[in-house]
Each structure stands twice: as structure tokens, then as C-alpha cells.
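Trainee: We have chain F; now place chain P onto it with these hints.
Sequence order for the protein chains is F and P.
Take 113 as the starting number for the first sequence in the numbering used here and just add one per residue.
Take 113 as the starting number for the second sequence in the numbering used here and just add one per residue.
Just so you know, not all the hints are guaranteed correct.
The list treats identical chains as one, so a pair stands whether inside a single copy or across any two.
What the hints assert, rightly or not - Here are the simulated DMTMM-like pairs of lysine to aspartate or glutamate, each with C-alpha atoms no more than 20 Å apart in a straight line:
#1 K183 - D375
#2 K266 - E359
#3 K549 - D159
#4 K229 - E160
#5 K307 - D527
#6 K185 - D375
#7 K183 - D367
No lab work stands behind these hints, which were simulated from the structure alone.
Number of protein chains: 2
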Amino acid sequence: MSTRLGPLALGRSATVAARQSGTRAIRYGIRSSAMAKSSTSYQKLADELREIDSLQGISSILSWDELVVMKPKSAESRAAQKSALASVLHQRMTSKALGDLIASAEREVDALDAFEKASVRDARRQYDRKIKLPAELAKTEARLGSEGYQAWAKAKESGDYAVFKPFLESIVRLRQEEAAAVAPDEMSYDFQIDKFERGMTAPRLKEIFDELKPGLVDLIKEVSTATPLEIHHHLRGAEGGATFDPEVQASLCEDVMRKLGFDGILSRSLHPFTGGTAQDVRITTRYDPSDFISGVAGLVHETGHALYEENRPCGPQLGLPVSSALSMGIHESMSLLFERMVGQSEEFWEYFQPLVEEKFEHMKGVPASAYYDAINQVKSSNLIRVDADELTYPLHIVIRFELEQGLFDGTITCDDLPERWNELYEKYLGLKVPNDKEGVLQDVHWGSLAFGYFPSYSLGAMYACQFFAEAERAIPRLRGQIREGNFEPLRAWLTENIHSKGSLYPSADELCEAVTGKKLDPKIYLEFLREKYRKLYKIQ
Amino acid sequence: MSTRLGPLALGRSATVAARQSGTRAIRYGIRSSAMAKSSTSYQKLADELREIDSLQGISSILSWDELVVMKPKSAESRAAQKSALASVLHQRMTSKALGDLIASAEREVDALDAFEKASVRDARRQYDRKIKLPAELAKTEARLGSEGYQAWAKAKESGDYAVFKPFLESIVRLRQEEAAAVAPDEMSYDFQIDKFERGMTAPRLKEIFDELKPGLVDLIKEVSTATPLEIHHHLRGAEGGATFDPEVQASLCEDVMRKLGFDGILSRSLHPFTGGTAQDVRITTRYDPSDFISGVAGLVHETGHALYEENRPCGPQLGLPVSSALSMGIHESMSLLFERMVGQSEEFWEYFQPLVEEKFEHMKGVPASAYYDAINQVKSSNLIRVDADELTYPLHIVIRFELEQGLFDGTITCDDLPERWNELYEKYLGLKVPNDKEGVLQDVHWGSLAFGYFPSYSLGAMYACQFFAEAERAIPRLRGQIREGNFEPLRAWLTENIHSKGSLYPSADELCEAVTGKKLDPKIYLEFLREKYRKLYKIQ
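Extracted from the complex, chain F is given alone in its bound form (with noise of 0.2 Å):
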């Protein structure tokens, strides 16, 4: 409440324009696009879903502009402004006016199509669940995420696990309680794998890791025991000497980005994210000074995140339900896609070779090959799971979903955690946990609350693969536009069959089913990095 003035009435070159561009800007808003065919109680609920949208997307430049601009003096203010928008989100989300839209929606359902019935849906689902959650474990819910997390922190930050444990096992009787509350059909760790991951199960997913597991672990063996990769020395990071401005970096990010296909906007951050909203992708990277290589594959990773959030459901289904990620799994694999796929291929780096040369005087001479050595060898005995290579990856996975499992059947204690975290780690990557700050206390998820959140890590990895193939199998000549630069038709294909069709299907498993012509095969994914590797390791 105040007088405040607008920024603009403060410049020096004070106009009062600005104050009028709202206003007038809105005459062409997206509102006037919903006028398609389908019931007047839809267009009612797609309006205010759209509202709520737009304050969402408000949230998102907040989150953007706190990790990228903001000043650390200013938290106290941000949070205060964070916590009376998700007021006001809270209320309209949970209004119900909403409720009444759409049940009256739900009335009239057969008079939409395929997109309008997959928003009517998906509103149920999210008002329901956000409904059905009592006062008092929202409550709890609130003050265990800050609690939890900073008795996670301490306890990493010492070593000491017993410091978090007696919150860890309030995190977890939180969530049985929230599951059994909101979703008493379902068993409680499906519920949270559900919230990142619609439609998967924990069944579904030890389907799935059972089979990866075991051609992993040889696999990685296979690899352990060949002769190591040899790296330029200009490309082994620290310990080679070379290098790279950050400035003629970020130049050479914001040409791949451009070649890629994203034309949005670029900045820097501790950790590459993307953020902003539909019509508003923002992405960051960073850049360490003595690996450039990093740098752009961070770059490569969010591009492919934003051109999934710019590309998913427009015109009448923008800001509803429909043109949400799928899931965490989906947006994951479009990153992946790009990441490991593209950014990882050979092709690639036989393409933006001359531009690194461009670019960097001391990398002249140095052949693509040499980059694809760098970018893909494997690095033997790590226990930190975002430090893990392509190959051990999911195994680091692997160890947390069958914890959680454990933790929610009650076959695991959180007393037993940290030793069942070090059995997995030996029995599985055969590396020895020496305490439990590289151990069991690695990761924030849990005392942020967050179960089931992990696997879709790895599902994105294993999706990324099966659609490339399923790419290339409809662009025959997809390698070589990679090498030629051309990334339109893989991007087209992508927007087509994937980006476009937004939360139309209720699962992964089914989108994945609509493109490929099946559901997730972990067989794919092995046979390719089993070929990948034996080649790039001279293995027979």
C-alpha cells in the first residue's frame, strides 16, 4: 500500500508511459485466442485457469530474477513477496469458485476435444489434490520443509547424520500421512513417485531398474578394466593448464544456443537452470575458465529444457493444464536429448569444431575426435551422484529408489539408512563409502521433502534414448544434419511428436507408447551405451 511511483515517473527522461502499456498491451492479450469451439462452462474454467497461469508465471520471473539479478541483501523482502503471492495462488487454487467451474466443465465434457478434456482432467487432479490436503499437514508440512532442510544442512555440513534423523523420520510419516489423506487407494510411495513422475509406479520402476541394473554393473566393469581414454591435455580441465575466458565462452554459448534453435534469453547462475514461462524461456549456464566444454554442455542440457517449455501446447490450450510438462521424466529426457544425444555425438563437435577455433586461438589443430574423447570418458570411482558420468548415473539412481522403497514398505529403518545406503554403494559401483557427508547426507531431496523425485533422472535418460532412435529411424539422415549444423528437423520432429502434445497423455509410458510405438524399453537405452562404449573403449 503506498504511493509508490512508477519506475519510470522516477527517470530522468520521466514519462508516464509505461503506466498505460499494461492496459494497452492486453487489448491483444492471449485471452482473445480461447475462442474456440467447446462448452461455455470450459471457457469459463479456461479463463480463470489461465489467470491463475499467468500469476504462476509471475512466480517463475521471480525465482528467475532471484538466482540470476537479485542481491542476497535482498531475501527478507523477495521471501515476503513469494510468500503473499503463493497466498493468493493458494486461495485461488483452492476456491470453490474453481471447484464449481470445473464441475460444471466435467458436465459438459463431451462437447471438447482431446486437448480441452486433458486440462478438464488435470484441473481435477490438481484441485483435488490440493483440497483433500488437511490444514493441520499443511501446516506441518510448511514447518518440517524449513526444518528439515536445515537440519539436512547442518548434518552435512558435520558429518553427522543423527542430527538428521529424527527429522527424516517426520518427513516420512509426513508424506504416509499426506498419501493416505489425499490418496487412500494408492500406496504412499506411489503417490510421491506420482507427483514428479504422473502415472509410474514403484512396481513399474523396479521393472524397469531391474533390468538396467545388472547390464549396467557389467557394463561398467567392462569399461573399468580397458585402457583409459588418452584426453588432450587442453581439455583436461584444472590440471591441463588451458584457459577459456568466460566472456568469448559466453559468446560461443550464445552461437550454439542460436544454432540449436532457442533464440530466448541467456544469462549466468551458480547452477544452469531454466526458468521464465512459456512465452518467456530463460536459461543460464556457467562457465568455468579452465573447461569450456562444461559450459556449453550445460548450455546444450537447458536448450533442450527450453525448447520444450516454448514449444508445448499454444494458441487456445496456453496457460491450461494440457500444455504443462508432462513430468519431470519427459522434460528431463528433452534436455538429455540434447545434452548426451547431440551435445555428446561426434557429429557435433565435427560441426562447431572451426567455431571453438574461432573462438579459442589455442584450440587450432585440435580434432573433433579429441572433444568426444573428453565430453564421454568415463571417470571410475565416484561417489557423488551429480558428479557421475553417463554410465554410472543410474546406478547412483538406482541406490535411492530401492532406499525409498525400503523406507516407505518400513523394510528399512531410517536408524538403517546410512548402512544400506554404504551396502548399495559396494555391492552395486563396488566403492566405499568413507563417511556419511559423501554418503547418505549427499543430496538436498530429502530433508526438502522431496520422495520419488530421483528416478525421473534416470527415466529422462532412458526416454531421451528411445526417442532419438525413434528419431532416426523417421529422419534418415538425422547424423548428418547434425553434422551439417542443420538441428531444424530434429527440433521439428521433436516439437511435433513430443513438445506439442504437452500433458495430453495421462503417463510418460503413454506418450512414450504414441511416439515410439512402445512403452519405455531400459533395453534400448543398454544396447546403446553398450555400443557407445565398447567403441569409444576399443572393448571387443
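Mentor: Just chain P, lined up with the frame of chain F:
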């Protein structure tokens, strides 16, 4: 409405920490600082006002983003976001609940301190103005805000006043009807002025400008017949041929800004402005490759605004009406005090000249006096307000004030306006207006529905001068300190006497009296200008 994944959730090193950070930070949030004395009713009102302020803060961040970061292609979705937020804000600011909270706090007003009383007073003022506006007028305002601007832009483009005239007539009528509905006891032009300059009236403005006008007209005549200044060729802008790398200008401006005592965010935008919120103040400037002084001047001006923004009442007053800017004129006084009294002084350039030499090789040996001459030279015969210098600017304002007054008291019609405009330019500035584009159509304000806005610019210049004179009395070595680059005593004096008072006083004149012992006195300003320009132009 969506299962939109949080930005970090999409990140390459994805964590879920970001989702929780808001929740964590709120525990230390500004809410707890509100535990002052005062009544319970007041605290409830304050809580609601702070939440509204947080939502308004979001709107400020979005505006900054729009002018600094956002791509034009995102304009539609941003318009939808702003519209959604505006409608939430309107609902909150006109709610019966807020009205009840204000009424309760008013009943216990005797228990409050002066700052709290001011917040209740201004909450009432703002609430009443909003709820008294008939819905029909609010609709007309929204429509004319769009159509009026467009008609003005079209008229300016073609130089055809007739295109704008019917809209201008509607806008004047709208503003008269608004005043009649909301403040029936006030003169309708006074009501317009009061929106930007609370407590100010047309008769008081007339008194001030009548004192200023003849003195200025005479002084401009003196200067225009004096020998023009010799400007160093490197300081002649495009005409001089010297260039100044914008990157280096940005680094110079960053240094100057920190030296002046502001350590917020500095960016670039088309027009310099100050944005963000009290705890997250952001300024911008622009860099002309042929003229680094204009970039520095913009920076110094915005720094003055920024220091006012971040040093207004904080602690328990933060986010409440008393922490708002007192008026547009006072805001402008804080920027102009820095721009003109500090940044256009010889002492300022004596201090910064070595830094300029360090940044720009070719400025070696150019004395501080050359900067002083360049930044203060009077450019005769400028028809355009925004390009006018310190000496002629107030007459551009006086002309607009007299015309607005005439439009509202009926002595001037929209038919007469261009002719009357041209007469006054001839009378006060001795200038012939060749066409309406450079005449009556030059400013965006009227097409944007803003009447009573212009006077604040010149009030700001006069307050700045009177405040600075008082600061010189209070800090005897002030000019010496500026020469030494010690801006802290001035900053501290401004914060103690002006910034930290926020909207405690109900008018700028009352603040001025509290600070300087008397209301705004244009004689002080005139005397300052006479002394400065007679010395600069060696007039006896």
C-alpha cells in the same frame, strides 16, 4: 494452473532446495519486526498493508524486468501477468476487510506514534480515493488510457493535433468528473496536482511560479547575450569526434555509484530509471559513445532517487504507507540534488577527473573546469522540454502549468491549446514553435491521462537547491568533502532529515519547513542560479 516444475528442478544439477527457500526465509522475514507498541487493530491493519505492499513490490520487479531483461516477444504474456496481478491488487485495496481494518485502527489512533498515525492517515486517503471512484469512470479511464495514448502517438507521428484533440477533450472531462466524484470539495485541478504532489494546490503553485518566472526570464536574457563558453573538443559530444567505449563508461559509472554510497544493481535501459523496491533498489542508465558525461549525469541522478528509495522508514514502518515517497517533487529533489548540486559542481569533477583519466587515455590533461563548463553550458533556443538545461527547464514547466490550469478552469479550450502553447513559448522563452510536433504534441503526459504532473519536476529542482543550502549550513566542510570524494556526511544528513521521514509530513512544504525552517522559497533557487550562471558566463 499447471504442474510447472520449479526452475531449479529443471537444472542440470537439479536440486529442490529452491522450492523451500521462500518458506525458510519467511521465518526471519519482516513480519516479526512489526512488534512495536501500538494497538492490536493497528497491527492487523499493518499486516494487511505489508502484504499489499509485497504484491506491489512484485509489480515493480516485473516493470524493471520488462525494461531491462524481457524480450519484446514476451510482451503479451507479461501484459496478462500484470493484468492478473493488478486485479488481485485492486480487489485487496478496495476490499471491505481493508476498510474495516482502517476504521478499527482509526478508533485506536491515540495509542499510536507519529509514524503509525501517518500510515493510518494515508491508508484512509488511498482507500477512499479508490472506493469513491465510480465503476463507470474506472472503465472510461482504462479505455482512454489506451486510446488516448494511441491517438497522441499517432498525432505526434504525423504532427496533426486534430487527431488527438477529441481524445484530449474526453480526457480533461474524465479528470473533471473524477475529481467531482472523489473529492467534491476540492478544485478539480488541485485534485490532479495532489495525486503527484500531495498537499500542493494551484494557487500555491501560482505564487511560486510567479516569483520564479520574471527572475528566470531576465537571467536567461543575461546569459544569452554573454560570450558563449569554450567547450573542450573531447566534451563536445558527436560534434567533437571523441569516443568513449560503453563498457568502460559502465565501469566508470559503477565506480561513481559506489563512491556516492549506493551498492544496488546497475543495468542499462533505453531511458535511465530507478525501479525495484525499498530493499531491492535497481537503477539504470545509458551510454552514449560520443558523450560519457551524459551517462554519468544519468547515473548520478538515479543514484539520488535510489538513496531515497532505500533509506525511507524501515524496521516496523517498512512496507507501510509512511515509508512511501512523500511526493513526486520530493523524489525529484533527491535525484536533482545529486545531479545538479553535486554532479554539476566543480568539486565533484575535481575528485573524479583522475578516475576519468584512468578509464579514458585521451582525457589525460583535460582539467576539471572543462568538465564543469561542459556540463553546465546553457544551450539556447531548445523547444523540447526533455532536452532543456537547468536554466530554461522551469519555464517549459510554467508554460504547461498555466495551460493545464486554463484547461481545468475553462479559460482555455482544447481548440485554443496549440495557439496558446505557441504564444507562451514566444513570451517566456522567445522561441517560435514551427509545428505542433515540437510544440503541444511533444509530451506523452496528457495522452497518458496525467495532468498536474509537470510542476513536480521544477518543484524538485527548487527543493533540491533549498535542501542543499541547508546541508551546507549544517556541514560546513561539505564542498571540501565532495572534493575529497567523501559523500558520506551528505548522504547521512539527507537520510536523517529527509529520507527517513518518508511520508510523515502531509505535504512537501511541511517537510521543507521542518528541514530548512521555511516553506519552499523560489528566491533561494533564483539566487543560486544567478550566482552560478553569472560567474560561469562572466557576467558583471
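Trainee: Evaluate each hint against the coordinates.
Mentor: Quick rundown of the hints versus the structure:
For the identical chains of this complex, K183 and D375 are inter-copy neighbours only, at 10 Å across copies versus 26 Å inside a copy, given an alpha-carbon limit of 20 Å. Taking the shortest alpha-carbon separations for K266 and E359, neither the intra-copy value of 36 Å nor the inter-copy value of 42 Å comes in at or below 20 Å. Taking CA atoms no more than 20 Å apart as the test, K549 paired with D159 passes in neither setting, with 49 Å inside one copy and 42 Å between copies. In this assembly of identical chains, K229 and E160 lie within 20 Å of each other by CA distance solely inside one copy; the values are 16 Å within and 39 Å between copies.
For a Cα distance limit of 20 Å, the shortest separation of K307 from D527 qualifies neither inside one copy, at 26 Å, nor across copies, at 65 Å. For a Cα distance limit of 20 Å, the shortest separation of K185 from D375 across copies, 11 Å, qualifies, whereas the shortest one inside one copy, 32 Å, does not. For a Cα distance limit of 20 Å, the shortest separation of K183 from D367 across copies, 18 Å, qualifies, whereas the shortest one inside one copy, 29 Å, does not.
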